[in-house]
Amino acid sequence: MTNPLSPQALDLSEAVVGGNAGAYCYELGRRLQPIVRSLTGPGVRQTLEILQAELPDLTAHSVESGSRAFDWTVPDEWTIRDAYIETAAGERIVDFRDNPLHVVGYSEPVDTWLDLSDLQQYLYSRPDMPEAIPYVTSYYRRRWGFCLRDAQRRDLAPGKYRVVIDSSLAPGQLDYGELILPGRSRDEVFLSTYICHPNMANNELSGPVVTTALARWLMSQDDRHYTYRIVFVPETIGSLVYLSRNLDILRSRVVAGFNVTCIGDERTYSFLPSRAGDTVSDRVARHVLQHLAPDHRRYTWLDRGSDERQYCAPGIDLPIATIMRSKYGEYPEYHTSMDDFGPVVTADGLGGGFRAVQRAIAILERDCVPQVTCLGEPQLGKRDLYPDLSCRGSAGQVRGMMNMISYCDGTRSLLQIAELIDEPFEMLFDLLQPLIEARLIRILGWDVASGSE
Amino acid sequence: MTNPLSPQALDLSEAVVGGNAGAYCYELGRRLQPIVRSLTGPGVRQTLEILQAELPDLTAHSVESGSRAFDWTVPDEWTIRDAYIETAAGERIVDFRDNPLHVVGYSEPVDTWLDLSDLQQYLYSRPDMPEAIPYVTSYYRRRWGFCLRDAQRRDLAPGKYRVVIDSSLAPGQLDYGELILPGRSRDEVFLSTYICHPNMANNELSGPVVTTALARWLMSQDDRHYTYRIVFVPETIGSLVYLSRNLDILRSRVVAGFNVTCIGDERTYSFLPSRAGDTVSDRVARHVLQHLAPDHRRYTWLDRGSDERQYCAPGIDLPIATIMRSKYGEYPEYHTSMDDFGPVVTADGLGGGFRAVQRAIAILERDCVPQVTCLGEPQLGKRDLYPDLSCRGSAGQVRGMMNMISYCDGTRSLLQIAELIDEPFEMLFDLLQPLIEARLIRILGWDVASGSE
Amino acid sequence: MTNPLSPQALDLSEAVVGGNAGAYCYELGRRLQPIVRSLTGPGVRQTLEILQAELPDLTAHSVESGSRAFDWTVPDEWTIRDAYIETAAGERIVDFRDNPLHVVGYSEPVDTWLDLSDLQQYLYSRPDMPEAIPYVTSYYRRRWGFCLRDAQRRDLAPGKYRVVIDSSLAPGQLDYGELILPGRSRDEVFLSTYICHPNMANNELSGPVVTTALARWLMSQDDRHYTYRIVFVPETIGSLVYLSRNLDILRSRVVAGFNVTCIGDERTYSFLPSRAGDTVSDRVARHVLQHLAPDHRRYTWLDRGSDERQYCAPGIDLPIATIMRSKYGEYPEYHTSMDDFGPVVTADGLGGGFRAVQRAIAILERDCVPQVTCLGEPQLGKRDLYPDLSCRGSAGQVRGMMNMISYCDGTRSLLQIAELIDEPFEMLFDLLQPLIEARLIRILGWDVASGSE
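Line by line, the protein sequences are chains A, Z and U. 189 is the number that our numbering gives to position 203 of the first sequence; each next residue is one higher, with no gaps. 407 is the number that our numbering gives to position 421 of the second sequence; each next residue is one higher, with no gaps. 221 is the number that our numbering gives to position 235 of the third sequence; each next residue is one higher, with no gaps.
For reference, chain A alone in the conformation it holds in the complex:
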């Protein structure tokens, strides 16, 4: 029943990830960007290999095409080798090698000549964003298609075009990565992120790179209280596969967790709650964002759209909340080639996202139920914890400490007290230490999230 991560033991610096978490995430994201990812296929495996170099204990898992995951079936594996549109003059005017977004994800193979008028039904563009290549997939119905800038599409000359997609859709496997970082407790904090989108920066790569940095930070902590379960999965089918294979253990052990997505730009912070809305994950995330970014955006469960749809589904009901920067669907570059490093995702943006989730995890590790050991207010003056001269103004200096003490009644956790008096958890945690040392406060229980003090 000791402090699982004492304030000394819990190192919130970013030294463990090379001195600056944002720069680390940015560099890793740039390395992952060229890989041609989809729901399945060699791109997912290449991505996991790069992550394993960062996280040696990350294990790769796979399930065969056709495997069931609740109501779903793992689709055939998709391999894409080449894809282009060529003019009669032999010029490749749309080429998958320039940008993997040019081909509709999961396109079946094709090699044919089409008149422009016939070709149009296979083309996808965004008239409202004429310079952006849109991101389109068709995982569960066979079709093919090309995505291109609308400006280019409008300039296509009438005539014949050759369309080539050299892909295969065949039984294979779905891959995902899993990292378990054991703590003193079997109770788990769960982090999930996805690795199934091509090169987009905020809505894809920010998730795995910030999660990798968080994992490296957690690995560097000697004295974790919770066990951390961290997964890199293809979205939806990957989380369903993972859930269906680990449901009992997840339901019995996971006490908190976060879905890590869209966490790399600088424009805002966002919060999306679990289905229940009031789990410890929700409360911790709200508290962190309230003090880190009071003007952050709060979404509701009705705005959901990522793997919380599975993790919080009826009968599964894991306590998974989401801390984001600009949420999917809510920024103009979303699901286009313009969601890129540099203009959208930055080292500062990624670093801010990293620190938000890190603070949430630190609160989970540090929350406790404090109780004042004396009746009446403690006399801080005789212990040099209180200004001894009663004059106008000085009383304000210890207002936060006295407010905290006044609620240390053994019925509230420090996070609940921080919520009540509207002060940052971290400040109260620091104020608590000298009071514990002075034996004015005792800790009735750590491990508040687990409910097993």
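You can trust all of the hints, since none of them are fake.
Remember, identical chains collapse to one label, so a pair may be satisfied in a single copy or spanning two.
Derived pair list, reagent style SDA-like, types lysine to any residue, alpha-carbon separation capped at 25 Å:
#, residue 1, residue 2
1, K368, R127
2, K146, I79
3, K368, A424
4, K146, T73
5, K368, L417
Just so you know, the hints here were simulated from the structure itself, not pulled from any lab data. From a predicted model like this one, the values you see are computed outputs, not experimental measurements.
Following the hints, complete the assembly by docking chains Z and U onto the known chain A.
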């Protein structure tokens, strides 16, 4: 455990009331208008006879004058044959035959000559509405009086006037009508309306005519789940008499109900809650009005003024809420001769009121507790229930369905889900049907209002 | 089970305090003002002697210096005989005899010559209020100092000054007063006020004088339901001493109570809740102020600063709320010589404070659980309790009575009903009496605060 009114069985059309409920109500109201109604007397019986022609199973009941009803006593029966004010020249300047409002309700007989100055204390008019004849009654204290336009009153020449009221107040009876429409369940939905006011249109006739249309609609439904208990009573003393004679059965069987009054104009919709405020009747009524007329007026229990005062009194506590158009006391023509068909009450106004209560009843019949049958989100795509091409915009099309499914966890009724996601119950009920057919949703219980699933 | 203070027995007049409570308080305050009070010492004893002349049953208690009170120790007793600053020319430019605020409370003795530059560190003034002498104390660390007008301080000529403080700090005692007014019940209402500040009017003297007036009013009531425990203590250490010596009895008997402080000016009314925030004391105080002064200021527990810090501390948790006029720390003259009778504290201000607490106590004595004895609404007309002529407007006259009756269901206290329908408790209590006489209402229980009906 089957759907009490399957979507096929529950016919919400207005064919059953002649194709247009509003027109039906308007015509019936015009036929009832000339009858000289009061708390008791031949007018109430004539009214019930006309209603029995529409509702053959409506039974007329009576209790004797002097009967006790809780703290009240049924007053003597009042019969009014003639009432007028005549000038010395023999001109009838105020004549009950022109408008029954001209005589104060329950006036005792009189035949005398009075100077204008002496007459004034027996006259009632509305200086603020000089062209309106006010509605005044004195049921429990013997007096007599005339009501007239204030414009006319101001023009009365000094001199003698003959006042004649040919009425009798004598032991007789109090009449009311009761219609029981049995359903598969003994649990009851209770509708009450009153038939004790003279010819006013919104505050009187709209109530019984809309209730009659609702009863005809319910009679046409083969497969009612609930039993419907529908009463036409004089206000206050009539509801007290009905309660005192049926209290045990009402308290043990009534699971929901509505007081039907002031439901015929087009100016607004209004809601007045039960005393408890959160019964299923309140929740259904709020939901219907929120979607039918988002700008409707919400009153509180402190604004009450009709028979909910009895039905929700301490120790009685029936779950009775009130859906209105313009509430009694809240529109300028209230309790005057200007509350008339045409200027105030219209076919469209009556039809809107009919449909509001009809929708409330349909929700009571159809509410259920749905539960998704699979873990994780169901895959709607493979069942052609979901767009299979993931591109911007298409996800929005099934947002309502996915939101509903996400809350089908077996702990909430469909009405609660509709409230949570702020969508109309009817839309969700329709979305639910293909999911039930696809066996993605099962119904844990119907009969939510009764609490006996 | 009888009304503890029947409406006849509870006399809310101010005759008992000489016809005008405000004038009584003002005169008593002026008499107490010249006494040199501090946390301990002869001034406290002189104050108690004057109060004993008003409250013959008030008993003086003392505890020795060095006694423990929870985490605190009673300090040495401080006696101050003289204190001044003298120029080289022998002129006393700052003299404790002019105003006791001139010497820092608990100053140790000194008699020395200092250069002005060396003297400055021992001087306290308020540059923002150049004409005010600030109030400074140093109870728990030995130091000495003088307080003076900043205007005077700026005019001090360079040179030598003699500073003399003829004080002693030696083992002695801490004094407090206690008055028990027995009622029929052993359950107690607790009033606490403090007597440790020098001559300031709102933040000190208003408290003991209003408390004395309240005690005299309570003494005059023959038939108190509750026992009243009223204490006059030095702030903080005095309340801690009192708590530590009476904790079991206080925790088992006190059902409500108020800390009486800062209750003498006319600028506003204020409310500061108990730590729990929803005790009967809080609810009563909020109700009184809502109707007495709808624009009063509502503070939170985080704004606390007086003895509620001890009475509501974790593990003590007495139900003590605070009704004030201008709260400590919130008015410009606070803790300066300008907090004086006349400009700040007035007879009207004191009288208003007296009446607010008096009304709160009267609600505690009179609250009850009423239940209507009949089903349905009672017929008030036949008992001459209701206008018998139904016409526009008259219904409004009894709206309050009917609203009250509609909630007299035996589950709510009269105070809860007053809160629900937003009417003053006193009005409802008066409306209730004829209904009880008419046997339309019975009282299920008095003694609502105690929870032992």
